[in-house]
Structures are given as C-alpha cells and as structure tokens.
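Visitor: Protein chains in written order, with the numbering used here: chain A, 1 to 272; chain B, 1 to 272; chain C, 1 to 296; chain D, 1 to 296.
Some hints here could point you the wrong way.
Quick list of the computed label-pair ranges, beta carbon to beta carbon [unchecked claim]:
no., chain 1, residue 1, chain 2, residue 2, range
1, C, E67, A, G147, 48 to 54 Å
2, C, E67, A, V88, 47 to 53 Å
3, A, G135, D, T286, 51 to 57 Å
4, A, S146, D, D263, 29 to 35 Å
5, A, S146, D, S21, 39 to 45 Å
6, D, S21, A, D18, 33 to 39 Å
7, B, T13, C, D15, 43 to 49 Å
8, B, T13, D, A217, 58 to 64 Å
9, D, S192, B, R45, 29 to 35 Å
10, D, D263, B, R45, 15 to 21 Å
11, A, A32, B, S146, 47 to 53 Å
Here are the simulated DSS-like cross-link-like pairs (lysine-lysine), alpha carbons at most 25 Å apart as the crow flies [what the hints assert, rightly or not]:
no., chain 1, residue 1, chain 2, residue 2
12, A, K148, A, K164
13, B, K101, D, K68
14, A, K246, A, K101
15, C, K66, A, K246
16, A, K246, C, K68
A short, non-exhaustive set of chain D residues, derived as facing chain C with CB atoms under 7 Å [to be verified]:
no., residue
17, T46
18, R187
19, P201
20, P205
21, V208
Just so you know, these hints were derived from the structure itself, not from any lab.
The structure presented is a predicted model; accordingly, all values stated were derived computationally and were not measured.
Idealized CB from N, CA, C, for every residue including glycine.
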Amino acid sequence: MPVDVEARVIRNTRLSPDYNVIELAAPEIADATAPGQFVMVKPGRGGDPLLRRPFSVFEVLREDGRVTGLTLLSKRIGVTTTLLFDAVEGDTVSCLGPLGKPFELVDPPAQAWMVAGGVGLAPFATLGEALVARGTKTTLFYGARSGKELFYLDWFASRGIELKLATEDGTNGDRGRITVPLERELQRAGSEKTVPDVMVYACGPEPMLEAVAHVAEKYGRPSQVSVERVMGCGMGGCYSCVIPVKDAGGGQQYVRSCIGGPVFKGADLVWD
Amino acid sequence: MPVDVEARVIRNTRLSPDYNVIELAAPEIADATAPGQFVMVKPGRGGDPLLRRPFSVFEVLREDGRVTGLTLLSKRIGVTTTLLFDAVEGDTVSCLGPLGKPFELVDPPAQAWMVAGGVGLAPFATLGEALVARGTKTTLFYGARSGKELFYLDWFASRGIELKLATEDGTNGDRGRITVPLERELQRAGSEKTVPDVMVYACGPEPMLEAVAHVAEKYGRPSQVSVERVMGCGMGGCYSCVIPVKDAGGGQQYVRSCIGGPVFKGADLVWD
Amino acid sequence: MAASGCFGYGVEYADAVDLASIGAVVSKGLFMKERSGHPPQRIVETPSGMLNAIGLQGIGVHRYIKEKLPELRRLGATNVINICGSTLDEYVELARVLSDAEGVHALEINISCPNIKEGGITFGCSLHGTFDVVSAIKKVTHLPVIPKLTPNVTDVASIAKSAEDAGADAVSLVNTFLAMAIDVETRRPKLSNIVGGLSGPAIRPIAVRMVYECRRAVKIPLIGMGGIATATDALEFMIAGATAVQVGTANFVDPFIWSKLLDGMRDYMQRHGIARVTELVGSVDTSTREKQWISS
Amino acid sequence: MAASGCFGYGVEYADAVDLASIGAVVSKGLFMKERSGHPPQRIVETPSGMLNAIGLQGIGVHRYIKEKLPELRRLGATNVINICGSTLDEYVELARVLSDAEGVHALEINISCPNIKEGGITFGCSLHGTFDVVSAIKKVTHLPVIPKLTPNVTDVASIAKSAEDAGADAVSLVNTFLAMAIDVETRRPKLSNIVGGLSGPAIRPIAVRMVYECRRAVKIPLIGMGGIATATDALEFMIAGATAVQVGTANFVDPFIWSKLLDGMRDYMQRHGIARVTELVGSVDTSTREKQWISS
Ligand SMILES: Cc1cc2nc3c(=O)[nH]c(=O)nc-3n(C[C@H](O)[C@H](O)[C@H](O)COP(=O)(O)OP(=O)(O)OC[C@H]3O[C@@H](n4cnc5c(N)ncnc54)[C@H](O)[C@@H]3O)c2cc1C
Ligand SMILES: Cc1cc2nc3c(=O)[nH]c(=O)nc-3n(C[C@H](O)[C@H](O)[C@H](O)COP(=O)(O)OP(=O)(O)OC[C@H]3O[C@@H](n4cnc5c(N)ncnc54)[C@H](O)[C@@H]3O)c2cc1C
Ligand SMILES: Cc1cc2nc3c(=O)[nH]c(=O)nc-3n(C[C@H](O)[C@H](O)[C@H](O)COP(=O)(O)O)c2cc1C
Ligand SMILES: Cc1cc2nc3c(=O)[nH]c(=O)nc-3n(C[C@H](O)[C@H](O)[C@H](O)COP(=O)(O)O)c2cc1C
Ligand code: FES
Ligand code: FES
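Next comes chain A alone, as it looks inside the complex (with noise of 0.2 Å):
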C-alpha cells in the first residue's frame, strides 16, 4: 500500500543545463520500492502546480545498511520539474508511492538487455542493482542526443554492467538511435538463440520503446516495456494515463498505465 511523505530535500545535484538529482528523505517508501515502480511527487506548497507528477524511483539511498531515503533523476521540461531543479537542500517534496507493476526479473543464463533513451535511464540503476544481485549478465544500452547528456556510466560500469551507447551527434558511442547497437547485439545473439535468453528492459521516449519491442520481437526475444502518459492520480482514479492493449478477442481496449503499467510486455501493447 502507498504512502505519502513529506520528504526533505538532502541534496540536489544538477548534472547539465537540464538534468538533475535530487535526494529525499523518504526511507519508508524507498525500502518498499521494486524496480520500475513510481512515486507521484508535488514540490512546494499551494496550488500551483496542482497535480503531482509521476517519477521513476531513480536510487535507493543505504547507510550501513540501513535504507535512508530515494532519488529521483529529473528533467526540466515544465512547472514541477523546474521545481525540482532548483529545489534547495530543507525543502519538501511531497512524495507519494511506491506505485505501479515493477519489472519482472530474469534470472541466469538468461540474460539482461535494459535500453535508455534519455532520462529513461531512470528506472535502470534499481533494475540493474537487482539483477547483478541475482548474478544476471546484464547490459545497459543508453542513448541521448550527445555526449554530455550520458549520466551515470561509472555507476553502472562499477557494479558490472556493460554499457553499449548511441548518440545522435555520434559524440560518444554509436551515431544515431540506440537501435543501432541494439540490433546489431541482437543479430549477434542470433535469433536461433545460439546466446541464452535474453529480456530486453526499455524505458525512453515511446517511439524508441516501439521500435525496441519491435526489433526484440524481430529477433525473437521478449521485452518489457516502461511507457510514460501524463498521469493525473497515479492510483487508477482518473483514466488519464491509459495506452491501448490488445485484449483476448484480438481487438484492444484502454488500460491504465498507472496501475496496469507502467511496465507492459512489449508485446501486448498496440502502437498506435
């Protein structure tokens, strides 16, 4: 069941004009998050912005052990996000959650592939930490527009999971889309599964989740997709967040994202 916090701002890290880290003090939904889960955030008091905004779980904070808080990986599109990004260590952020369908892992041989667009790295350094710890091989594929908008690759690289890049100005990592490497590791793998499984994890723009299901499907392997809609309540009140499933009589029908998702078999979704 979610809880809502009224967390204190630890820390704000800004890692580029537009990209930032913040650090809340919200240890009681921090312990109960799964990878791929969410939290409804409103920074601030009052009414403006009215609704809070749905934001991946980016880490889990641990002191010796012990669970002390959450961040939130956050780019500056708008009212809330700019609240977020020039919040200043004292501040509150009301933070309610965990919310949604996590990920579901996979474990050896099977093996990891989570795909980033952008600041749909998010969900992934949850997901990577509980795979490794599973002793899962796991792979990020992380694109973005340019090099300077890559976060995080020591992260990922200390804990063991290999990086495979793309970005569209070619300044670090393939040029282009990330489908790019993507495809070229899955025709590798074979899709007479001379590799193990592999679970193909997305999370970005969903242009690049539908070209990412679609070239997995194309090489034979299941994907799990993480989709954003403009959610208005996060708790299955409001039907603002549906995506079209395909549903048993091959037709489709609207699910709500927010507790039908956000993670979706790539397969089951209709891209419209």
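With the hints as your guide, set chains B, C and D with the ligands onto chain A.
Guide: Then chains B, C and D with the ligands, alone, in the frame of chain A:
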C-alpha cells in the same frame, strides 16, 4: 513613478511566533520612499497567491550613507504573510513601489505624537527618523496585546523618541488601549494649547484609528491616520480599497485609499 | 463523498482508504454498454484546476454489477451509482437494472457530462429535459434519485427546481465547466477531444454561488462539489446550503484527504460549539457585518 | 488592450505605462450619472483568481468627458468607452452623448456586469435583449459598437450571433463569472455584495472555449479576455479565434505587463515565421496529431 523590483531576501528575523522583519534588496524603492508610503509585495513565484499585498516600508537600510534596501515588519495572518514569515535568505520577493500619499511632516516648535497599534508600528520608524532629523520633538504611543508584542523599543528610544506604552494585559505600560495614555497626555497638554501645536499620527486597526481621531479632535489637535484597506493593485486601477471621505457638499464619497491615501486627515474620514 | 469519475470504481482505493468511512462512493459514470472512452491526451492541468475529457470509459452496468459491486459491498461502501444515458430509454433501463441489484443505495443521474455528445447534457441544459429524465426514472425505481446538474447554464436554480418538481430526492452540483486549452507551439488543442471539463479549486467560487442560489430555490437536499480540497472548503459549501459534499480532483492530489477533511470539520464544529452538521447547512448570514476592534 | 474596470480611467497608469503603446484603454463602466458603488469589502482572492463587486463606482459620463478624456487624448490613448445602462434608453443616451465627444474611438456595451441588479446582465443573458440593445445603439452612433458578453449563459455563441445580426462591429468576451466566497469563521459572505465576478487565470480555459465557439458562430472580430497573464495566454486566445485581447486582473499584479506581452508575442511570431498576427487568429488545428520521436 513606482518601480517593480525582484528583491532578494537579505535577512529574515522572527520577532515572535507571528511577527518578523524581512530585509529586501530594493534600494531603488527604499531611496524614493517617503514616510507613510507602502509597497505591493508578492513572495515566491507562481499564481498562488495571485495578488500582491500592501506593506508599509518599515526601515530604510543604509551602509556608509548608501541606501542598500528596506525592511518590512510583517504580522502573520494568511498566505502572503506566512510566506514572508517563512522566507529564507536568497528567496526573491517581488516588490512594487513606492506607492501612496506620505505623512505630512511638522517642524518645531510643533510636537509629533505617533500612535501605533500592533503592526501599525510599521510606518513610524521612517516617520520618526524624518521628524527627529528636523528637530521635531517626537513621542511614540505604542499599544499591543501584551508586552511580548512590543518591538523595537530601544530602536526608537535610541533615536531620542519618547515612548508611552499600553498593553491590554498590562504587562508593559498602561493596562488597556493606547487611547488611555494618549488621552491623559492630550489632557495634560491642554486643549488651550499651553503646549505648542501637536500633530497626532496614527496607524493600526481602524477602530483604533477612529478612537484616536476622535480624542485628538476632542482636544483640538489635528491628526493624520494611515488606513488599512484590502488592496488589489495599489495603483488606482481596481477600486477595491475605497474609504468614505467627507466631500465639499457635506456628503461623503468613496476615495481610493491607495492613491488618495493611505494617509488621511482624521477629520476628513467618515467612520462607518 | 467521493465524486464520480474521480475515484475509479472505488475498489482502486480500497487499500489506501476505508471506504466505509467516507460517506459514500459515487461510481464512475455508467452506460448500459462498455465504452472505450476518448484517446489520450485526456487531461491537462490549468491554473488551480484541470481539464478532463475521459469520455466515460467504462465497463458498462452489467459487468459493474458482476465484478465491482460485490467487492464494494464486502468493503461496506455506500454506493451511489452515477448513470449516463444516450437516450431517455437508456436512463430508464439503467435505473431499472440497478434497482434490482444488491447494494445500490442511490442513483446519481449524470445529465451534465460536457465531454461526450450524447452525455445527457442535452437533457441537463433544459428545464423540461431535466424534468422528463427525472420523472421517467422515478417511475421505475425505489432508490433515491439524485440528478447531477451542469454549471454550464444561465440559471441553475430553475433547473434544480424542475428536478425537484419531477420528484428528485436531492440534486448534486456541480459537474465540470466546458473548457479548452491550446498548445500554442503546435496550435493544437491539448486534449484529443478538443474541449473538456474544468474542475478543481479554480471553479469553487462559482460552484459555491450555484449552491447558494439553489438552496433558495428548492427544499430538497443539495450535494455540493467543485474544488473542495480542505475542510474549510467543505464547510463553505455547507454554509452556502449543501447537506453533503463530494470531493473529486483533490483526491487525485491527496488520496488520504478523507480523514483530514473529517478531522478538520470535527475540529471546526467543536471550536464553534456546533452539535450537528445540519446546523451549518445554509447558515450563511447575509446581513451586514458590525465592526469590532481586532487587536492587530 | 487594458480591460474595463482594471485600469481605472487609464490616467492612473499614465506614469507607469505609455498609454499609446497598449492598443487601447477600455474605460471603467460608465453610467449617465455618478455612482458610489458597493461598500467594501469589494474584492477577495480565490485560487488563481479574484472576486470583485465594485458596483461600478464611477464619475458618470459627463464628468468623464470633461475631466478624463482631454488628458487621455493628450496621452495618445485609443479610448474604448465601456457603457452600462439601467434601461435601454440609458444605453442609447450614453451612446449619443459619447458619439459627440472628441477622442472616443469605440463603444464597448457592458451587458454583462454580474454585480448590480440593473447591470444590463438582464439584456446580456437573452438573445433578443442583446439584439435590442445593440440595434438601438447602432441607430444613434457612427462609432464601432462592441457588446461585451457574459459567460454566465448556456450558449454564448448564439448570443454572439444575435449581436452580429443586430449590427455589432465586434464582440468582447468574457466578462466575469458570477461567484461567491464565504468566511467560514464568521459564516458571512466575504463580499459586502454577497456575490461578485470571478476573473483571473482560473477562468481562462472556459473563456478560451467560449472564444473558440463564437469564432465558429460569427464573422465579426472577437476581442478575447479572461485570465490572460502571459504572451502565451494571449496567443492561446488568438489561436482560438480572438482578433485582439484585453488584460484585466493580471495588470493588477504587474502594471508593467504590457511590454512583456508585446515582446513575448513578437518573439513567438519570429520563432514561427509568422508575419502578421492575423495569420494566427482562429488558426487552431483540430485535426488529430501525428506522433514524432521527441528525444527526451
Ligand atoms: C511512470 C512515469 C515515470 C516517469 N519518470 C520520470 C523520471 O524518472 N524523470 C523524469 O524527468 N521524468 C519522468 N517522467 C516524466 C515526468 O512525469 C514528466 O516529465 C513530468 O510530468 C513533467 O511535469 P512538469 O510539471 O515539469 O511539466 P508540465 O508543466 O506538466 O508540462 C510541460 C510540457 O511537457 C509536456 N509533458 C507533460 N508530461 C509529459 C510526459 N509524461 N511526456 C512528455 N511530455 C510531457 C506537457 O504536455 C507540456 O507541454 C515519468 C513519467 C511517467 C508516467
Ligand atoms: C497601506 C497598507 C499598509 C500595510 N502595512 C502592513 C505592514 O507593514 N505589516 C503588516 O503585517 N501588514 C500590513 N498591512 C496589512 C497587510 O496588507 C495584510 O495583513 C496582508 O494583505 C494579509 O495578506 P495575507 O495573504 O497574509 O492574508 P490573506 O490570506 O490575504 O487574508 C487572511 C485573512 O486576513 C484578512 N485580511 C486580509 N487583508 C487584511 C487587512 N488589510 N486587514 C485586516 N484583515 C485582512 C482576510 O480577509 C482573510 O480573512 C498593510 C495594509 C495596507 C493597506
Ligand atoms: C477525471 C474526471 C472524471 C470525471 N468523471 C465524471 C463522471 O463519470 N460522471 C460525473 O457525473 N462527473 C464526473 N466528473 C466530475 C466530478 O464528479 C465533479 O463533479 C467535478 O470534478 C467537480 O468536483 P472537483 O472540483 O472536486 O473535481 C469527473 C471529473 C474528473 C476530474
Ligand atoms: C475589479 C474589476 C472591475 C471590473 N469592472 C468592469 C467594468 O466596469 N465593466 C466591464 O465590462 N468589465 C469589468 N470587469 C471585467 C473585466 O473587464 C474582464 O472582463 C474580466 O476581469 C476578465 O478578464 P481578466 O481575467 O483578465 O481580469 C472588471 C473586472 C475586475 C477584476
Ligand atoms: S493516473 Fe489516474 S488513473 Fe492512471
Ligand atoms: S488598490 Fe486598486 S484601486 Fe486601490
């Protein structure tokens, strides 16, 4: 002409659980302010609260002769005053002014008697300084609920301003309303003007202003009162701040206290 | 009470909230059949409010009775069913079906959904339209019938009156205000449905005025809503004339709002020595105020 | 343009703003005679908005022409006079008097003030009421006649249409929404007038929708307003269908808003390669959007 300044909070000092003095880096405004004028203030950003609020300029801050900013004396009663109470160094407060008609000063041998009720003390710091600078003998009658709510006594005393106090619980000065010591002194001064001219200045809750204006009149002394009306704009645009004033024809008319005041001759007001 | 469409079917909130404690759960608007609703984007935030154009996505009345109602009864919820018809017959049929179901406590007649052509707003915007729907439904049900009025009208009080004349047991007001937001960069409406319904604190002063007007026009109880986010807001509606209130948008912001509202109202009543809520209802004093010397 | 009642008579702002630069100054609502208006409290803040019940305090048309107009002409202002009558005859008389005055550029007919019984809203809420006022005024003046519509109606587009049929040269919309706020501690209305008009950002989505509806109902130009506080807001109204916009409440918050609005709109037009504002008017694209891969 008024200016609008995004003023940085230099310091914020809490005087009690309700009262605070906030220092704002708005030298342009401070420099142009005459005693009795006010500023329209909006803390923080965003639409909540929407409208500015009026505050008297309390102190004009100087560093080696140069004007560096101004302070507001604020009493917490709602949204804006709570934001001012909680503001921290580095926050910005948008500050429009100076606005309104100032007090008319008097010169020796006339004496100045300033009568303050609670937060009505605000305009008398600058007025007191201006009067003392002209050598006018100045007295401050200052009333509040209890001694704990009488502030800046040394500040006034150190400038050679005589203090007459009253508290409703009798913890400092006369027990009761400030009109008690005021009427005693007016009586002593004598309506026959055994003492030179006295100008009575008053700021505080309106029923107090009414009582002061009446007692001054009773003893043949003129008064100038600074009224507090709810103000939407401070510039004569909205007609929200009106107060009934006697007109030539012996009738009354609503005058906008933001441009026709906030300082009025006590004798001109109609006390509804 | 949880406002319609703002609480799912209620079961979604079962582990966050004790449904038995919140007065009543008003269901999402139900049609006879399932509806897929409008494509996203379905909501957009506006100053102190939000627009929605969900399009009444829903499972239809039969699945509701089969899948949701038993669970809601188990949880001890008081169930007010919000029904929405494309035709007079559909309203009547919905009322008939629900009257036979176990655990339905009242019917809220949605003649005010601004978001769909056939959302009954055609009924809700005219006097006889309102009269006809309500009286037709009254004929086929023993349940309390509570038409929900639209604020998008010139004279809401006269509509409340015709609902009363038709035998309504109470009226709910207000539904959302028809509104619109445009993305200036793309020059496209922000909602896929182009227009949507405005809710939230922004509309509260208008909704309070409408409750005040209706209180003077009808004798039946009023259920007030529109931007309630605090106990003070709820009290404002009751003092204006509402016997009960519903909370919609604010529940999205704070799903734990219910206990806060109840505590705040209890505290207020103690401070003011008010024994029963009914003493508050419609108690607004419109005589001119005398002045006092507030020590500032 | 400065919205009526939000800019005094204009002269108040002369040293803060270059009146010649802001399009037009719409005067406070004028009657034939002086009016003292309502007693305080006359305004109250609400979420992202404010209520006002000023009661059209004013100096009357004759003093306006004698005392304010010469100064406004000297300052180079374009003067739109907002007129308000208790009767049809008073509207006509006002139009006649002002048509003979120097420096009046247009008449805005306030048939929508919610705050006073005789505020003409009785005209503004009905089709023939609107038609009668406008056609009567057209007969006696050569000046552009711009009725200002109330949003407190079921179908604003049909009212705009009847204004057009009556010969209106343009319509302004919207005036304020009838609303109310109650102080729960005293259980008294916060406004002395009990009810007042809601303005400010809170109402913008409703006002934009009404402009959009009217754009499709009439051919005459629309002057849009309601909660405009930024250049983006102004553009939203124009894209919805407004040829010009007025700013009211936001001017109270920022008297220097005018240059910011103009700069913001200029910047937008450059970014989008738009040469003339008219290209924007009513350009909202209601076809469904295609998707693109926004690199996030
Ligand atoms: C499950 C989930 C997890 C998320 N995790 C993260 C995360 O970890 N870090 C992060 O930075 N963001 C994340 N997002 C996206 C984040 O919720 C939005 O960026 C945020 O809501 C924007 O709020 P705002 O007030 O700053 O922007 P607003 O002022 O609300 O909107 C600004 C502009 O951005 C558009 N916009 C709003 N929401 C979205 C959206 N979801 N996608 C695309 N455009 C949008 C609006 O239409 C508007 O044009 C997540 C979203 C979901 C659904
Ligand atoms: C010319 C002038 C100078 C002023 N100088 C000062 C000053 O130096 N220091 C200071 O602390 N205050 C001063 N005030 C009063 C100050 O403007 C109000 O306290 C302030 O507007 C309250 O804003 P808020 O958002 O905190 O309260 P709100 O949230 O706006 O209101 C809270 C409650 O207080 C009531 N209220 C609001 N304004 C007033 C008012 N003016 N008088 C009585 N009740 C009110 C409201 O009706 C509401 O019930 C001055 C007022 C004027 C007109
Ligand atoms: C997302 C959403 C969905 C709604 N769905 C319905 C509905 O199905 N039936 C209905 O009568 N009202 C519906 N409403 C209106 C609310 O019940 C309520 O009347 C309105 O939102 C005003 O209350 P509020 O300001 O507290 O939200 C909906 C409102 C919202 C925000
Ligand atoms: C204090 C105040 C006074 C107003 N007086 C008038 C008036 O005299 N005549 C009129 O037609 N509209 C009047 N209005 C309405 C405004 O002109 C405008 O239509 C409305 O406020 C919406 O615009 P806004 O949200 O930008 O304020 C007044 C509004 C306010 C806030
Ligand atoms: S966000 Fe409200 S239902 Fe999903
Ligand atoms: S505060 Fe607006 S006219 Fe005085």
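Visitor: Now look at each hint and say whether the structure bears it out.
Guide: For each hint, the structure was consulted:
1. C:E67 / A:G147: 48 to 54 Å: Given a distance of about 51 Å, which is inside 48 to 54 Å, the answer is holds.
2. C:E67 / A:V88: 47 to 53 Å: 48 Å, holds
3. A:G135 / D:T286: 51 to 57 Å: 54 Å, holds
4. A:S146 / D:D263: 29 to 35 Å: Taking Cβ atoms as reference, S146 (chain A) and D263 (chain D) lie about 31 Å apart, which means the hint holds.
5. A:S146 / D:S21: 39 to 45 Å: Holds, at about 43 Å.
6. D:S21 / A:D18: 33 to 39 Å: 36 Å, holds
7. B:T13 / C:D15: 43 to 49 Å: 47 Å, holds
8. B:T13 / D:A217: 58 to 64 Å: 59 Å, holds
9. D:S192 / B:R45: 29 to 35 Å: Since the Cβ atoms of S192 (chain D) and R45 (chain B) sit about 32 Å apart, the hinted range of 29 to 35 Å holds.
10. D:D263 / B:R45: 15 to 21 Å: 19 Å, holds
11. A:A32 / B:S146: 47 to 53 Å: 49 Å, holds
12. A:K148 / A:K164: 16 Å, holds
13. B:K101 / D:K68: Cα-Cα ~21 Å, so holds.
14. A:K246 / A:K101: Holds: K246 (chain A) and K101 (chain A) sit about 18 Å apart, inside 25 Å.
15. C:K66 / A:K246: Holds, at about 23 Å.
16. A:K246 / C:K68: Holds, at about 23 Å.
17. T46: This hint holds: T46 (chain D) lies near chain C, its Cβ roughly 5 Å from the closest one there, short of 7 Å.
18. R187: This interface hint holds because 5 Å falls under the 7 Å limit.
19. P201: The hint holds - P201 (chain D) has a Cβ within 7 Å of chain C, the shortest such distance being about 4 Å.
20. P205: Constraint on P205 (chain D) satisfied, holds at 4 Å.
21. V208: For V208 (chain D), the interface hint holds, since the closest Cβ of chain C sits about 5 Å away, which is under 7 Å.
The structure is consistent with each of the numbered hints, conforming to all of them.
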